[in-house]
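Student: Okay, here's what each chain looks like letter by letter:
Protein chains: 2
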Amino acid sequence: MDPRVREHAETLVDWSARIDAGDDVVVHVGEGAHDLGVAVAAALGERGANLLARYRSDEMQRAYLRAHEGEFGTDPEFERALYERADSVLSLRGTRNTRATADVTDDRRQAYASARREIREIRLDTDWVSTVHPTRALAQQAGMSYPAYREFVYDAVLRDWAALADEMDRLKTLLDDGTEVRIRGNGTDLTLDIGGRSAVNSAASVAYDSHNLPSGEVFTAPADAAGRVSFDVPMTIRGRRVRDAELTLKDGVVVDWTAGEGESVLASVVETDSGSRRFGELGVGMNRGIDRATDQILFDEKMAGTVHLALGRAYDACLPEGESGVDSAVHVDLITDMETEGSSIEVDGELVQRDGRFRWEDGFAGD
Amino acid sequence: MDPRVREHAETLVDWSARIDAGDDVVVHVGEGAHDLGVAVAAALGERGANLLARYRSDEMQRAYLRAHEGEFGTDPEFERALYERADSVLSLRGTRNTRATADVTDDRRQAYASARREIREIRLDTDWVSTVHPTRALAQQAGMSYPAYREFVYDAVLRDWAALADEMDRLKTLLDDGTEVRIRGNGTDLTLDIGGRSAVNSAASVAYDSHNLPSGEVFTAPADAAGRVSFDVPMTIRGRRVRDAELTLKDGVVVDWTAGEGESVLASVVETDSGSRRFGELGVGMNRGIDRATDQILFDEKMAGTVHLALGRAYDACLPEGESGVDSAVHVDLITDMETEGSSIEVDGELVQRDGRFRWEDGFAGD
Numbered sequence: 001m002d003p004r005v006r007e008h009a010e011t012l013v014d015w016s017a018r019i020d021a022g023d024d025v026v027v028h029v030g031e032g033a034h035d036l037g038v039a040v041a042a043a044l045g046e047r048g049a050n051l052l053a054r055y056r057s058d059e060m061q062r063a064y065l066r067a068h069e070g071e072f073g074t075d076p077e078f079e080r081a082l083y084e085r086a087d088s089v090l091s092l093r094g095t096r097n098t099r100a101t102a103d104v105t106d107d108r109r110q111a112y113a114s115a116r117r118e119i120r121e122i123r124l125d126t127d128w129v130s131t132v133h134p135t136r137a138l139a140q141q142a143g144m145s146y147p148a149y150r151e152f153v154y155d156a157v158l159r160d161w162a163a164l165a166d167e168m169d170r171l172k173t174l175l176d177d178g179t180e181v182r183i184r185g186n187g188t189d190l191t192l193d194i195g196g197r198s199a200v201n202s203a204a205s206v207a208y209d210s211h212n213l214p215s216g217e218v219f220t221a222p223a224d225a226a227g228r229v230s231f232d233v234p235m236t237i238r239g240r241r242v243r244d245a246e247l248t249l250k251d252g253v254v255v256d257w258t259a260g261e262g263e264s265v266l267a268s269v270v271e272t273d274s275g276s277r278r279f280g281e282l283g284v285g286m287n288r289g290i291d292r293a294t295d296q297i298l299f300d301e302k303m304a305g306t307v308h309l310a311l312g313r314a315y316d317a318c319l320p321e322g323e324s325g326v327d328s329a330v331h332v333d334l335i336t337d338m339e340t341e342g343s344s345i346e347v348d349g350e351l352v353q354r355d356g357r358f359r360w361e362d363g364f365a366g367d
Numbered sequence: 001m002d003p004r005v006r007e008h009a010e011t012l013v014d015w016s017a018r019i020d021a022g023d024d025v026v027v028h029v030g031e032g033a034h035d036l037g038v039a040v041a042a043a044l045g046e047r048g049a050n051l052l053a054r055y056r057s058d059e060m061q062r063a064y065l066r067a068h069e070g071e072f073g074t075d076p077e078f079e080r081a082l083y084e085r086a087d088s089v090l091s092l093r094g095t096r097n098t099r100a101t102a103d104v105t106d107d108r109r110q111a112y113a114s115a116r117r118e119i120r121e122i123r124l125d126t127d128w129v130s131t132v133h134p135t136r137a138l139a140q141q142a143g144m145s146y147p148a149y150r151e152f153v154y155d156a157v158l159r160d161w162a163a164l165a166d167e168m169d170r171l172k173t174l175l176d177d178g179t180e181v182r183i184r185g186n187g188t189d190l191t192l193d194i195g196g197r198s199a200v201n202s203a204a205s206v207a208y209d210s211h212n213l214p215s216g217e218v219f220t221a222p223a224d225a226a227g228r229v230s231f232d233v234p235m236t237i238r239g240r241r242v243r244d245a246e247l248t249l250k251d252g253v254v255v256d257w258t259a260g261e262g263e264s265v266l267a268s269v270v271e272t273d274s275g276s277r278r279f280g281e282l283g284v285g286m287n288r289g290i291d292r293a294t295d296q297i298l299f300d301e302k303m304a305g306t307v308h309l310a311l312g313r314a315y316d317a318c319l320p321e322g323e324s325g326v327d328s329a330v331h332v333d334l335i336t337d338m339e340t341e342g343s344s345i346e347v348d349g350e351l352v353q354r355d356g357r358f359r360w361e362d363g364f365a366g367d
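If you read the sequences in order, they're chains F and Y. The opening residue of the first sequence carries number 1 in the numbering used here; numbering runs sequentially from there. The opening residue of the second sequence carries number 1 in the numbering used here; numbering runs sequentially from there.
These are computed hints drawn from the structure, not numbers from a lab. Because the structure is a prediction, the values reported are computed rather than measured. Glycine residues also receive a C-beta, built at the ideal position from the N, C-alpha and C atoms. A portion of the hints provided could be inaccurate.
As the list claims (entries may be wrong) - Short, incomplete list of chain Y residues facing chain F, as computed with Cβ under 7 angstroms: (1) D24; (2) G45; (3) N50; (4) G73; (5) F78; (6) E79; (7) A81; (8) L82; (9) R109; (10) A111.
Using the sequences and the hints given, assemble the complete structure.
Tutor: Right under this line is the structure:
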């Protein structure tokens, strides 16, 4: 086994999920993530944790959803009970075909997600971490050879997380203290109200309220948004390509949308419920190990020099005690490139980033 | 997809597990059982059942057990909660390497099994069914080509179960009414007390208290046993070959054992606990679709012309209300060939089978 698979598993179990002896750990194993599953099983065994592996097969899910008539039972008790008692949920993604569920209708998909909203909440209440095992299908989607893609993944995953956490803390402080963020770029001029919200220093560890490996972003939950935003980093949503999505918002709500490609998928996301018309998340990518978009949200949204906004659900960690943020059955991230000339991020009128470089970085083109 | 995979899934879901709309179904998917998993997912979707798939990976299990220091938590609550609320558990076996866990020590394996005894009980209280998807590894273990092995499996699985259930009912009646079974053959002369016990007509359906697909056996739980028995059908136990096991019993307890091959594995089974020194099951194979031993217990023990005895746990279905049978962390079947000349099964002195043919079958060599 490639020693990096073992390092990946150990980073996941120790740095990210902070697993202790006796923890009850559900591991979701994607169809192509078997090798990482084996390494994670060894790491969990070594730490004396309890392990229950779920098979997260895209092809089984497709077959199930297509065969079902569509009235799904609400939050099945056996599934709920499992997650209610789990300490951690480790998702090892890694598909063998990124389009495996492309022929499932959006209605069916949404009905399934809606019927499992409480279970999703319960899962998000555990020390959950999502990661990706490199597969040939993901390499293909990224337009890369398999060996090059593996390099790419491990460059992003096996970082000096403590050092990155320190850098990200600078941006977190600015966002925590700020009340208004303005994002400008090619086709974008968006103002977001973040007053009273807390930013998360997403250092790929539950100790930082951060649940993705790799991570390397700072995110918060806007209370309001207005303006226009163009998402020029192409991506795959629900198995279909979405390119050049453009949204217009008024009083926090999406009032108009278009896309150069995949507009119907975008529409199905926006129209899921009332929460899916709002931005539940503003995130700023800061992982310089991720040097290109690979059409995998877990990586793309962390790419240094990008900003992303998610339609739908807000993360509780960003909200003041007792306050509720955007609620929705979905959480779909869209990404915009901030390295395009003339792009900027300002907090309360103060320039924080220009053309993709932070003001504390080399190459920052001053005020 | 081979249409027989779909037929297999439908037989499993409809005839065997009797799944209804709204049932909570846990599906265990072996490493090589993906295709059957997809077909079962479709069948469950069609019937409106809820599905949660567990990944039963031999390689993950091996990694976990080897890395763990050996003090396993007792019946982890999250796993217990899942099975307590499940209506059915469908195990789709199908390994990619029948020796995948051969380098896990017996101690480690037993410690794990012992720590999960209550969960095992709970699982056995659901409408559980075990089946096997044909893999190349299983074909290899059977000494067969992959296409020939697939033929073999589907011959055994896709039968006229209602007709076989009728035939098996004849033997069930004899065993229910009888008090003593005597089995004789090459190296075997064993007497079993079955008074008051109920035989199960194992017609591959939970409706018959039968939990294997394929099935085709009638089994009961002996209360006592004495004599000597030679198991001449070779098999793999815990990843290792066992051949020509011979046991001597006195007052129901194994007092002596030898094996031509794999004696240490046999010893580790016998010495698990006090129940593993007793026979929890006597089974008589009646599936004529199974025409050879393939070193897979699920098939071998159903082979017409064989008898098997299990060391360890008895099935509750065979016991009178309120009475407890053999209790153990293990249930390991051993098989003897009754087609050897001079073999016979008698119930209360009456000849029921000779040289592998029942008295109601063509070719029976009379009294």
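Student: Hold the hint about Y/N50 up to the distance rule: shortest CB distance to chain F must be less than 7 angstroms.
Tutor: holds, 4 angstroms
Student: Any CB of chain F closer than 7 angstroms to the CB of Y/G73?
Tutor: holds, 5 angstroms
Student: Would the stated hint for Y/L82 survive a check requiring a Cβ distance to chain F of less than 7 angstroms?
Tutor: Interface hint status for Y/L82: holds (4 angstroms vs cutoff 7 angstroms).
Student: Tell me if Y/E79 is really an interface residue toward chain F, meaning its C-beta lies closer than 7 angstroms to one of theirs.
Tutor: Hint on Y/E79: holds, closest Cβ of chain F at ~5 angstroms, below 7 angstroms.
Student: Could you check if Y/R109 really has its C-beta closer than 7 angstroms to a C-beta on chain F?
Tutor: Cβ of Y/R109 sits 13 angstroms from chain F, so the hint is violated.
Student: Please check whether Y/D24 passes as an interface residue: C-beta within 7 angstroms of a C-beta belonging to chain F.
Tutor: The hint holds - Y/D24 has a Cβ within 7 angstroms of chain F, the shortest such distance being about 4 angstroms.
Student: Taking the least C-beta to C-beta distance, is Y/A111 closer than 7 angstroms to chain F?
Tutor: Hint on Y/A111: violated, closest Cβ of chain F at ~12 angstroms, above 7 angstroms.
Student: Is the shortest C-beta separation between Y/F78 and chain F less than 7 angstroms?
Tutor: holds, 4 angstroms
Student: Does the interface hint hold: is Y/A81 within less than 7 angstroms of chain F, judged Cβ to Cβ?
Tutor: holds, 4 angstroms
Student: Would the stated hint for Y/G45 survive a check requiring a Cβ distance to chain F of less than 7 angstroms?
Tutor: holds, 3 angstroms
Checked against the numbered hints above, the structure violates hints 9 and 10; every other hint is satisfied.
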